[in-house]
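Colleague: Please build the complex by placing chain B on the supplied structure of chain A, with the hints as guidance.
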Amino acid sequence: MEKDIILTVNNLVKYFPVTSGFIRQKKVADVKAVDKVSFSLQRGETLGLVGESGCGKTTLGKCVLQLIRPTAGEVLYKGQDLCKLNEVQLRPFRKKIQVVFQDPYDSLNPRFTAGDIISEPLHIQGSYDRKSNNQRVAEMMHTVGLAPYMTERYPHEFSGGQRQRLGVARALILQPDFIVCDEPLSALDVSIQAQIVNLLDDLQDQFGIAYLFISHDLSVVRHISDRVAIMYLGRIMEIADCDEFYAKPLHPYTQALLSAVPLPDPTIEESRPVYLLQGEVPSPINPPPGCVFHPRCPRVFNDCRHIVPQLRRVGSRHEIACLLYRESYPEK
Amino acid sequence: MNNLLEVRNLTTHFHTQDGVVQAVNDVSFYVDVGETIALVGESGCGKTVSALSILRLIQEPPGKIKSGQILFHGADLLKLSNSEMQKIRGARISMIFQEPLTSLNPVLTIGLQLSEALEFHRNMSSQEARDESIRLLEAVGIPRAERRVKEYPHNFSGGMRQRVMIAMAISCHPNLIVADEPTTAVDVTVQAQLLALIKDISKRLNTSLILITHNLGIVARYAQRVYVMYGGRIVEHGSAKDVFHTPAHPYTIGLLSSVPRLDEPRKIRLSPITGQPPDLIFPEEGCAFRPRCNFIEGQCAQQAHSLVEISPGHFTACSLTQNGKVLWKKT
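Top to bottom, those sequences are chains A and B.
Be aware that the first sequence starts at 86, since it is given in my numbering, and climbs by one per residue.
Be aware that the second sequence starts at 217, since it is given in my numbering, and climbs by one per residue.
Just so you know, the hints here were simulated from the structure itself, not pulled from any lab data.
Incorrect hints may have been included.
To be verified - Capping the alpha-carbon separation at 16 angstroms, the derived lysine to aspartate or glutamate pairs in EDC-like fashion look like this:
#1 A:K163 with A:D286
#2 B:K483 with A:D166
#3 B:K457 with A:D328
#4 B:K303 with B:E332
#5 B:K457 with A:D326
#6 A:K180 with A:D287
#7 B:K295 with B:E222
#8 B:K483 with A:D328
#9 B:K415 with B:E397
#10 B:K303 with B:E315
#11 B:K415 with A:E224
#12 B:K415 with A:D311
#13 A:K163 with A:E268
#14 A:K181 with A:D191
#15 B:K541 with B:E525
#16 A:K216 with A:E205
#17 B:K483 with A:E205
#18 B:K483 with A:D311
#19 B:K419 with B:E251
#20 B:K282 with B:E251
#21 A:K147 with A:E268
#22 B:K415 with B:E251
#23 A:K121 with A:D311
#24 A:K333 with B:D479
#25 A:K147 with A:E172
Claimed, not checked - Where chain A lies over chain B, by a calculated footprint (3+ residues, C-beta under 8 angstroms):
#26 270-280
#27 399-407
#28 453-461
#29 528-542
All C-beta atoms in this analysis are idealised placements derived from N, C-alpha and C, irrespective of residue type, glycine included.
Only chain B is shown next, with the shape it has when bound in the complex:
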């Protein structure tokens, strides 16, 4: 096994006034060396919380990683002390956050923010760190880097800020980059540039990538394997081709057919997923997708949440497809 990261049965809950929010429930996934995987789902499905749990960035309280293992190079990150974890965070595993404006410090120059990690993890002097920051900014395609290191986040456009975030994420040559919706705040042309950059860098450094997104197009373009999340659980998992060509969970099917697609003839009507996203405080008995599902049968109410392999490498949590029923026909 050359798994770089393996998450086993991760459960993360949040204790709030209204009750316990079961944000992530019994989630398992793995990333190989140099591989790109995607976590897909709508807001509130637990994809960001899963990512933050890997880096142990869940605020306690209210959050709590209840159980599970996060094996990185075979060692359980959940058993490390805070100072040991700090040596991994930013150095071996780094993160690109969703909104660069809120994750960059507005009162520090870009150069200082980049240098911080270099001085801490790579024991550079401040002069070395400054030179390295300039090189990093050039590597992510920021023109006039030697002048821009002295500027503040507000001097940068949205796309440029996200490039700074990417520079920061790669500064210590991590083995794994977690990119949490890296392009939701930017336009399509910039999105294409940024993703091509992330992909290119991770290929060159042989870095693995966890891509968190709700955009199915991005998943299809960049990920090798896909995990579909719904209501804090993984409901389908397989290679990108399996999941997109023969989706085996009604939620995946719903997602695929609710978006208008440029690669297919225009439809008269879209087929939305009816109803509302699930309540994570009082989750449904049986399958969580049951209230919104078009294919519902009697057994769905008692179904246990377990992923079953229906073809090599393709797992689903739907009891109908587990029993061999075909729900999707490519039109």
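Same shape as in the complex, but just chain A:
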């Protein structure tokens, strides 16, 4: 029905075992980092993935990349399930699915020059022709807005924003059609963040890349995304087109998150009601029964404590996992 879907994630699950004992380790529990998550992504589309720390958004990103092998579920790239492939079979797919990491200080090898860093993916993919590689590196540097003379520099000689540009260039050199951006802005200053956001925007227009944009910053996500998904304790709570998500948030968690963001306007802030969520995110080892959000939910009722809400369609492209809207969506 929908054309050009490049990535589909079906019921993805990742549990990390919790062990006890020193010599004979015994599994005592699971950290349910990602619990039955499904979504799909079209060519050139950006899906913003929002949530508080520990909600599993980074784990989800790594599972999609197969940097962590999921416990169950499917990650379909153009119909091929990546979870079923071994490392060698995966390699051609790694070209097409790239990643930009959170911290540009930790994710660049300090003993590699900028040129080495950007060209390393080419080596891994078996392209050793120095002349053509150098040309590709020069092209990439130009694309992300770095000057050609910087090729011989080491990461410590770059500023934070420039390092993140290096990270983007490295992700871009294999001409991927999908990039996971894991909090690419959180280590940068406000005025520099906007530069990287614009860069990512331009690259999408130019190359038609799809992004999975993981962030905790709701205003940046609104700016960059076509669709937004919100995660809480390993589950997607609400997913909708960006404009609808911000104009008509339905899930009580989404509403609380949006009202917690202070707006840069003192006049609006004076009169704006703020709904404070009580408490903190519970432990994913022992998540609450029923709806995982119910202990903090301002609109909790009895059923929430024992029925797990499933993600259901409430609008044409709006899905929500909340029992409050049980009546409004058609049962299958």
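Modeller: Just chain B, lined up with the frame of chain A:
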């Protein structure tokens, strides 16, 4: 004048191998009783150093408070001896640090760390101090306080640790709390809880608050007056409404337009501030923001760094707006 704290022409430098870092240059600001002010700016603009200078927590060497006055209740803190300063630090002026994990001692229980100040400043016995610590933890919303005083910082979550920091800051009923990026390490929902707590407590105790942050939303929600810092200097100062509705310095305008905002329609593109933050070892002649400014004119190169009042209570260091030019129109 009922200024609780007045900082006059504060200059703090750091002597490093590469040269003298002029971290804070000729900075003046004041806080009234019961008022909340905000120091805003990007990393390296001198806001933390200004705060540490107030408490005389700048390490010497390499740091040095070169000149200026810090008048607290009219007395200059820079002239006090170390032991006199110790009686003020934590008791009359306290601080909430940015990262609670690095500012709490990992090998002491929370109870002991809270008691330390109570025993020192309020002459309590260790038993009294313990009971008071439990009351303080309850006051900042930590459940099961009588058990948690025996726990260590690593047993607490990030938000809970910051609550402990807040408990510590209010333990001796200070007149002034300096909160240095109190919520950068936590999530938005916890951030909203913590800031509401700080605001609520400071209102109840009639404590003044200096809020140091780079988050413009937090400033708009909590501060009455705002000081915008750039390159170790204050470039704009006024009531929150003046600064947000009629910003009069290109840097403030740049900050306001570079962040995507939830209260405005989506933009096609963001307008970032181009270029890099200023070099504090070899600062620019004239206006420090000149290399990144969109409105630059000839006079900017010779401009002296002085704040001029352009409307009552609204000061700017930009020579263009000082001469009546309007740089910002609310869209």
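Colleague: Decide, hint by hint, whether the structure agrees.
Modeller: How the hints compare with the structure:
1. A:K163 with A:D286: violated, 23 angstroms
2. B:K483 with A:D166: violated, 37 angstroms
3. B:K457 with A:D328: Not OK: K457 of chain B and D328 of chain A at ~28 angstroms, beyond 16 angstroms, violated.
4. B:K303 with B:E332: holds, 13 angstroms
5. B:K457 with A:D326: violated, 33 angstroms
6. A:K180 with A:D287: violated, 21 angstroms
7. B:K295 with B:E222: holds, 14 angstroms
8. B:K483 with A:D328: holds, 12 angstroms
9. B:K415 with B:E397: The given pair, whose Cα atoms are some 14 angstroms apart, holds under the 16 angstroms limit.
10. B:K303 with B:E315: Measuring from Cα to Cα gives roughly 24 angstroms; hence the hint is violated.
11. B:K415 with A:E224: violated, 52 angstroms
12. B:K415 with A:D311: Given pair K415 of chain B, D311 of chain A is violated - Cα atoms ~36 angstroms apart, limit 16 angstroms.
13. A:K163 with A:E268: Outside the cut-off at roughly 25 angstroms; violated.
14. A:K181 with A:D191: violated, 23 angstroms
15. B:K541 with B:E525: holds, 14 angstroms
16. A:K216 with A:E205: Holds - the C-alpha atoms of E205 of chain A and K216 of chain A are around 14 angstroms apart, at most 16 angstroms.
17. B:K483 with A:E205: Status violated; Cα separation ~36 angstroms.
18. B:K483 with A:D311: holds, 13 angstroms
19. B:K419 with B:E251: OK: K419 of chain B and E251 of chain B at ~9 angstroms, within 16 angstroms.
20. B:K282 with B:E251: Outside the cut-off at roughly 28 angstroms; violated.
21. A:K147 with A:E268: holds, 13 angstroms
22. B:K415 with B:E251: Holds: K415 of chain B and E251 of chain B sit about 10 angstroms apart, inside 16 angstroms.
23. A:K121 with A:D311: violated, 22 angstroms
24. A:K333 with B:D479: It holds: about 14 angstroms lies between the C-alpha atoms, which stays within 16 angstroms.
25. A:K147 with A:E172: Holds. K147 of chain A to E172 of chain A sits at ~15 angstroms (cutoff 16 angstroms).
26. 270-280: violated (count 0)
27. 399-407: Result for this restraint: holds, n = 5.
28. 453-461: holds (count 4)
29. 528-542: violated (count 0)
Checked against the numbered hints listed earlier, the structure breaks hints 1, 2, 3, 5, 6, 10, 11, 12, 13, 14, 17, 20, 23, 26 and 29; every other hint is satisfied.
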